[in-house]
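Trainee: Taken in order, these protein sequences are the chains called L and H.
Under UniProt numbering, read the first sequence as residues 1 to 303, first letter to last.
Under UniProt numbering, read the second sequence as residues 1 to 423, first letter to last.
To be clear, the hints were calculated from the coordinates, so they are not data collected in a lab.
Ideal placement from N, C-alpha and C gives every residue a C-beta, glycine not left out.
It is possible that some hints are incorrect.
Non-contacting residues of chain H with respect to chain L, defined by C-beta distances greater than 12 Å in every case (computed) [what the hints assert, rightly or not]:
id : residue
1  : Asp30
2  : Asn42
3  : Leu46
4  : Leu79
5  : Thr112
6  : Ile171
7  : Thr177
8  : Val319
9  : Leu347
10 : Ala350
11 : Asp397
Computed Cβ-Cβ distance ranges for the label pairs, DEER-style [said to hold, decoys possible]:
id : chain 1 : residue 1 : chain 2 : residue 2 : range
12 : H       : Ala422    : L       : Ala56     : 52 to 60 Å
13 : H       : Pro362    : L       : Leu76     : 56 to 64 Å
14 : H       : Asn202    : L       : Ile167    : 20 to 28 Å
15 : H       : Gly86     : L       : Ile229    : 32 to 40 Å
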Amino acid sequence: MSDISQQKRPFWTIARKDAAAGYLFIAPQLIGIITFVLIPLGLVFYYSLHEWNVLANTFTFVGDANYQMLLRDPNLPPVLLASAIFSAGLVVVNMSLALLLAVLLDQKLKGIVVFRTLFFSPVVVSLVAWTIVWSFLLQANGGINGILQVFGIEGPNWLRTPTTAMISVVVVQVFKNVGLNMILFLAALQGVPKELYEAARVDGASRFKQFRRITLPMISPTILLTSIITIVGSLQVFAQIAILTKGGPGVSTTVLVYYLYQQAFQFNFFGYGSTLSILLFVIVAVLTFIQWQMRKRIVFYEN
Amino acid sequence: MSRLSALKATAATAGILLPLAWGGVSWAQDAVNLRMTIWSANEAHLALFNEIADGFKQTHPNVTVTFEPLPYDNYVTTLTTQIAGGNPPDLAWIFETSAADFVNSGALAPLTDAFTNTEGYDLADVTDAASALWTKDGTLYAYPFSTSPFAVFVNNDLVSEAGAKTPAEMIEAGEWTWDNALATAKAVADNGKEGLVIRDFNFQTWQNLTAFWRGWGANAWSEDGKTCTFTAQPMVDAMTRLHRAIFVDGALPGPGENVDFFAGDAAMTITQISRASLLPKEDPFDWDLVPLPEGPAGKYSVIGQAAIGAFANRPNTDVAVEFLGYMTNPENSQKLAQFFPPARASLLNAETLSTTNPLLTPEQIEAVVVNGITNGQVISGHTNFAQIQQTVRASLDALWVPDADVTAVLQSVCDSVGPLLAR
Numbered sequence: 001m002s003d004i005s006q007q008k009r010p011f012w013t014i015a016r017k018d019a020a021a022g023y024l025f026i027a028p029q030l031i032g033i034i035t036f037v038l039i040p041l042g043l044v045f046y047y048s049l050h051e052w053n054v055l056a057n058t059f060t061f062v063g064d065a066n067y068q069m070l071l072r073d074p075n076l077p078p079v080l081l082a083s084a085i086f087s088a089g090l091v092v093v094n095m096s097l098a099l100l101l102a103v104l105l106d107q108k109l110k111g112i113v114v115f116r117t118l119f120f121s122p123v124v125v126s127l128v129a130w131t132i133v134w135s136f137l138l139q140a141n142g143g144i145n146g147i148l149q150v151f152g153i154e155g156p157n158w159l160r161t162p163t164t165a166m167i168s169v170v171v172v173q174v175f176k177n178v179g180l181n182m183i184l185f186l187a188a189l190q191g192v193p194k195e196l197y198e199a200a201r202v203d204g205a206s207r208f209k210q211f212r213r214i215t216l217p218m219i220s221p222t223i224l225l226t227s228i229i230t231i232v233g234s235l236q237v238f239a240q241i242a243i244l245t246k247g248g249p250g251v252s253t254t255v256l257v258y259y260l261y262q263q264a265f266q267f268n269f270f271g272y273g274s275t276l277s278i279l280l281f282v283i284v285a286v287l288t289f290i291q292w293q294m295r296k297r298i299v300f301y302e303n
Numbered sequence: 001m002s003r004l005s006a007l008k009a010t011a012a013t014a015g016i017l018l019p020l021a022w023g024g025v026s027w028a029q030d031a032v033n034l035r036m037t038i039w040s041a042n043e044a045h046l047a048l049f050n051e052i053a054d055g056f057k058q059t060h061p062n063v064t065v066t067f068e069p070l071p072y073d074n075y076v077t078t079l080t081t082q083i084a085g086g087n088p089p090d091l092a093w094i095f096e097t098s099a100a101d102f103v104n105s106g107a108l109a110p111l112t113d114a115f116t117n118t119e120g121y122d123l124a125d126v127t128d129a130a131s132a133l134w135t136k137d138g139t140l141y142a143y144p145f146s147t148s149p150f151a152v153f154v155n156n157d158l159v160s161e162a163g164a165k166t167p168a169e170m171i172e173a174g175e176w177t178w179d180n181a182l183a184t185a186k187a188v189a190d191n192g193k194e195g196l197v198i199r200d201f202n203f204q205t206w207q208n209l210t211a212f213w214r215g216w217g218a219n220a221w222s223e224d225g226k227t228c229t230f231t232a233q234p235m236v237d238a239m240t241r242l243h244r245a246i247f248v249d250g251a252l253p254g255p256g257e258n259v260d261f262f263a264g265d266a267a268m269t270i271t272q273i274s275r276a277s278l279l280p281k282e283d284p285f286d287w288d289l290v291p292l293p294e295g296p297a298g299k300y301s302v303i304g305q306a307a308i309g310a311f312a313n314r315p316n317t318d319v320a321v322e323f324l325g326y327m328t329n330p331e332n333s334q335k336l337a338q339f340f341p342p343a344r345a346s347l348l349n350a351e352t353l354s355t356t357n358p359l360l361t362p363e364q365i366e367a368v369v370v371n372g373i374t375n376g377q378v379i380s381g382h383t384n385f386a387q388i389q390q391t392v393r394a395s396l397d398a399l400w401v402p403d404a405d406v407t408a409v410l411q412s413v414c415d416s417v418g419p420l421l422a423r
């Protein structure tokens with residue numbers, strides 16, 4: 001049987017070796033994505049077609065019943081509204097504050113590094129510790145109202161009235177993460193070629209016009225990036241709500257992720273909770289797609 | 001190595017390893033680790049539980065019991081998440097409010113037969129009133145190890161400083177009513193400290209208000225659990241009074257204020273006697289324990305219950321049930337009685353309880369514990385309690401502002417929770 005024509009080419013060709021090496025290099029990341037993203041995503045969809053009673057240990061197929069419930073759930077419109085208000089508030093306040101800070105800190109002054117570090121430091125603080133400290137400050141008899149009292153102002157009960165509760169969770173989140181966007185903006189600002197400003201000055205453009213016509217277009221890719229990160233991040237807010245307001249007062253700060261947590265983990269409706277996370281997934285995907293499309297119209301690329 | 005010698009080596013290795021593996025398996029079967037979730041992280045409570053577990057180890061050297069304290073706020077959520085994640089504990093401490101969910105679901109192992117067959121257990125000694133909530137079709141599914149009346153702890157020092165009569169003096173004079181209690185609380189609050197704290201309520205856990213509104217004869221829902229009764233007149237009266245006490249008189253700390261009675265910051269607190277272990281040991285204040293004041297509907301008492309169940313269909317369910325039988329036998333029930341008032345009729349008398357409960361006087365035990373358990377009614381629970389709790393909480397939030405319209409808010413509570421109750 002030792003016919004020479006039977007002898008195959010060696011299995012490990014150069015192309016195959018290269019491919020295998022490539023797969024080996026991406027394996028750690030790929031295994032992570034498959035284990036912690038793709039498989040759970042598939043399972044969540046699978047669970048959303050079932051009614052899972054944890055205590056009775058029953059798991060029954062219910063078809064689209066959970067999706068029907070999604071359409072009829074009277075709590076969903078206020079929850080989506082709260083999510084929208086939170087995200088809009090967060091994106092607007094966070095982005096403008098980050099840009100303002102970045103512009104202010106983009107100067108060659110003595111000790112400017114200290115300020116940059118100061119504004120960035122909350123980013124590296126533990127989220128839960130940060131929020132718990134704020135929960136003490138925001139109490140009716142807490143630190144913020146204590147300071148207001150010095151000026152003769154009677155502060156509101158921040159976390160117990162709907163409007164101020166929403167403002168509070170937005171501000172706590174902004175102060176926590178504004179440093180990250182600030183650093184990204186700062187890097188972008190420092191990447192803008194100085195000769196553009198020089199040319200504009202020669203042409204007699206005002207400081208505002210320079211900002212409007214040079215700075216903004218030049219850093220627009222960063223604005224797009226940070227806005228996507230901030231919006232997606234804002235839809236995932238959980239710890240702040242759980243610690244500061246527990247979704248209250250009423251349902252005024254019950255954002256989608258917190259509602260999902262309530263349904264799945266507090267009320268044990270894991271099927272419906274999974275359906276809500278599919279909804280969240282769709283919303284995030286659509287928003288990211290829209291923003292990605294908008295880049296063609298808004299973002300300015302040099303090349 | 002030739003093929004034959006490789007085969008021989010494999011066989012030899014297997015011959016050595018297999019018995020070892022077998023031994024390992026049987027060893028693993030012998031050692032039993034039981035885990036019980038509890039909501040108290042109190043050291044005195046834990047020490048007692050560990051003492052009981054050590055006692056069980058004397059007759060069952062292979063069994064180790066660990067107690068896992070979970071935070072009170074998220075206790076049930078954490079527990080059900082463990083179950084959903086395929087990692088349930090073997091035993092769990094369960095609140096009265098979730099009793100219906102756990103007992104009806106089939107999650108718990110039946111106990112009656114095992115306890116009846118345990119020598120010296122005397123299941124008949126456990127009162128029917130105490131076990132009613134935990135029994136389905138005549139079978140007990142969780143042991144009500146704590147049947148604890150709500151009572152009022154008093155800081156007599158603060159009351160006297162404010163120039164008010166102490167609750168003990170008011171009881172003596174037959175004046176221990178809610179109106180007088182709230183007036184005392186207001187006097188202390190006006191004097192710079194806080195008045196009355198309804199412990200663990202925090203303007204979220206509204207079921208703890210039961211200890212207040214039952215004084216008006218109010219209830220959250222009807223006996224059969226089908227109808228919302230937040231709009232009934234007794235509830236409207238009770239909530240109107242409570243709202244005034246908080247927002248007009250300042251007799252109770254308002255929402256978002258953290259006040260701890262046991263740190264000496266308030267004149268009175270409503271809680272259960274198991275909290276006596278929190279009383280300060282160094283530099284203590286002059287404290288007292290008295291029954292709930294009389295309400296417009298007369299004398300009343302309210303009981304919080306906690307039970308321990310063993311999860312069914314677990315590898316060690318049998319051992320867990322056996323341990324539960326040991327933990328709650330007459331001898332250990334007497335030990336537990338120092339924090340958790342017992343469900344056993346034979347232990348429910350002032351003499352027995354005062355020997356186990358050095359902190360309380362026989363008079364306090366008679367007035368608060370024995371009378372409370374004999375006449376008290378348990379806080380109402382419901383199936384799907386967590387969802388009902390959140391729904392009521394969300395609607396009730398509108399009440400905790402100074403200019404709230406009490407009747408309208410209570411109507412909105414029934415509007416939102418009504419469909420869930422009727423289900």
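Trainee: Out of the numbered hints, which ones does the structure contradict?
Mentor: 4, 11 and 12
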